Amino acid sequence: MLGSGVFVLPAFAANTMGDGIWVAYLFAATVVLPAALSKSELASAMPSSGGSYVYLERTFGPFFGTISGIWLWSSFLLKSAFALIGFQAYLYVVTQALNLEVEPTTLGLMFLIVIVVLNILGVAKIKVVQSIIVVIAITSMILLCIAALFTEGTDLSKPVASAAFDKGFWSIAETAALVFVAYAGVTKIAAIAGEVKSPAKTLPRGMILSLIIAAALYSLVGYSIMAVLPENWWLDSKGNIVENPIY
Numbered sequence: 492m493l494g495s496g497v498f499v500l501p502a503f504a505a506n507t508m509g510d511g512i513w514v515a516y517l518f519a520a521t522v523v524l525p526a527a528l529s530k531s532e533l534a535s536a537m538p539s540s541g542g543s544y545v546y547l548e549r550t551f552g553p554f555f556g557t558i559s560g561i562w563l564w565s566s567f568l569l570k571s572a573f574a575l576i577g578f579q580a581y582l583y584v585v586t587q588a589l590n591l592e593v594e595p596t597t598l599g600l601m602f603l604i605v606i607v608v609l610n611i612l613g614v615a616k617i618k619v620v621q622s623i624i625v626v627i628a629i630t631s632m633i634l635l636c637i638a639a640l641f642t643e644g645t646d647l648s649k650p651v652a653s654a655a656f657d658k659g660f661w662s663i664a665e666t667a668a669l670v671f672v673a674y675a676g677v678t679k680i681a682a683i684a685g686e687v688k689s690p691a692k693t694l695p696r697g698m699i700l701s702l703i704i705a706a707a708l709y710s711l712v713g714y715s716i717m718a719v720l721p722e723n724w725w726l727d728s729k730g731n732i733v734e735n736p737i738y
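Using this note's numbering, the letters of the sequence shown correspond one by one to residues 492 to 738.
No lab work stands behind these hints: they were computed from the structure. Fair warning: there could be bad hints in the mix.
Listed next, the in silico DSBU-like pairs over lysine-lysine satisfying Cα-Cα at most 35 Å (straight line) [unchecked claim]:
(1) K616 - K688
(2) K618 - K692
(3) K658 - K570
DEER-style ranges, computed between Cβ atoms [to be verified]:
(4) D646 - K616: 43 to 51 Å
(5) I633 - F503: 34 to 42 Å
(6) I629 - V608: 22 to 30 Å
(7) F554 - A707: 35 to 43 Å
If you're wondering where the values come from, they're calculated on a predicted model, not measured in any experiment. Yeah, the Cβ is synthetic: ideal placement off N, Cα and C, and Gly gets one too.
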């Protein structure tokens with residue numbers, strides 16, 4: 492869940508809203524909260540793998556369950572592709588630093604194959620790898636926020652200044668809709684209910700705790716980025732979003 496939503500989207504969010512993107516992340520979290528509460532109740536009542544498909548299939552029959560499953564699968568394709576694009580951009584930075592001539596798309600596809608194999612092996616096998624990735628991601632975000640405090644030129648008042656919200660409420664709502672994908676993994680926890688011990692207790696706690704931690708990290712990272720980087724850093728001389736990464 493801690494991935495492309497915070498490592499890729501801030502520039503696009505800043506182009507829509509400006510320096511107050513941290514508020515958009517918090518607003519998006521409040522929108523996700525009812526869904527997380529509902530899914531946690533359903534997962535507790537029907538603790539089996541499958542998530543939304545299982546709930547709809549048991550409530551309305553296999554036809555509606557199948558439709559839901561197909562569209563969920565399609566959404567996963569789009570979300571996974573988006574995450575891989577962001578991941579290969581970061582891999583490009585690593586390969587350039589190591590003077591390696593590797594096609595970023597090839598690295599992204601190799602990473603996808605590894606993820607597929609790990610998912611086939613099941614939750615028990617992927618838990619160790621996923622724990623390492625989560626620790627690295629959280630540590631990186633925390634270090635980024637700490638580094639922002641000691642970076643020359645940091646203006647901690649900029650993300651909360653009135654100028655950060657000049658575009659009004661609708662810009663916050665529009666940006667929240669953009670970064671909403673960052674919380675896609677919260678409700679997807681229910682899909683592995685059949686592989687979790689004591690799902691009636693574990694899943695609700697896991698969903699709510701994941702949402703709180705993610706919202707806090709996303710908003711802090713968004714705040715730190717906008718406090719450190721100069722005004723309109725995400726735009727080029729023609730007013731378009733900068734495509735080249737900032738190292």
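The hints, checked one at a time:
Restraint check: the Cα-Cα separation between K616 and K688 comes to about 15 Å, which is no more than 35 Å; the hinted pair holds. A threshold of 35 Å between alpha carbons decides the hint, and for K618 with K692 the separation of about 19 Å falls inside it, so the pair holds. A threshold of 35 Å between alpha carbons decides the hint, and for K658 with K570 the separation of about 28 Å falls inside it, so the pair holds. At roughly 46 Å, the beta carbons of D646 and K616 sit within the given window of 43 to 51 Å.
The supplied range of 34 to 42 Å is broken by I633 and F503, whose beta-carbon atoms lie about 23 Å from each other. Between I629 and V608 the beta carbon distance is about 24 Å. The supplied range of 22 to 30 Å therefore holds. Our hint of 35 to 43 Å for F554 and A707 holds, since their Cβ atoms are close to 41 Å apart.
In summary, the structure is inconsistent with hint 5 from the numbered list given earlier, while agreeing with all the others.
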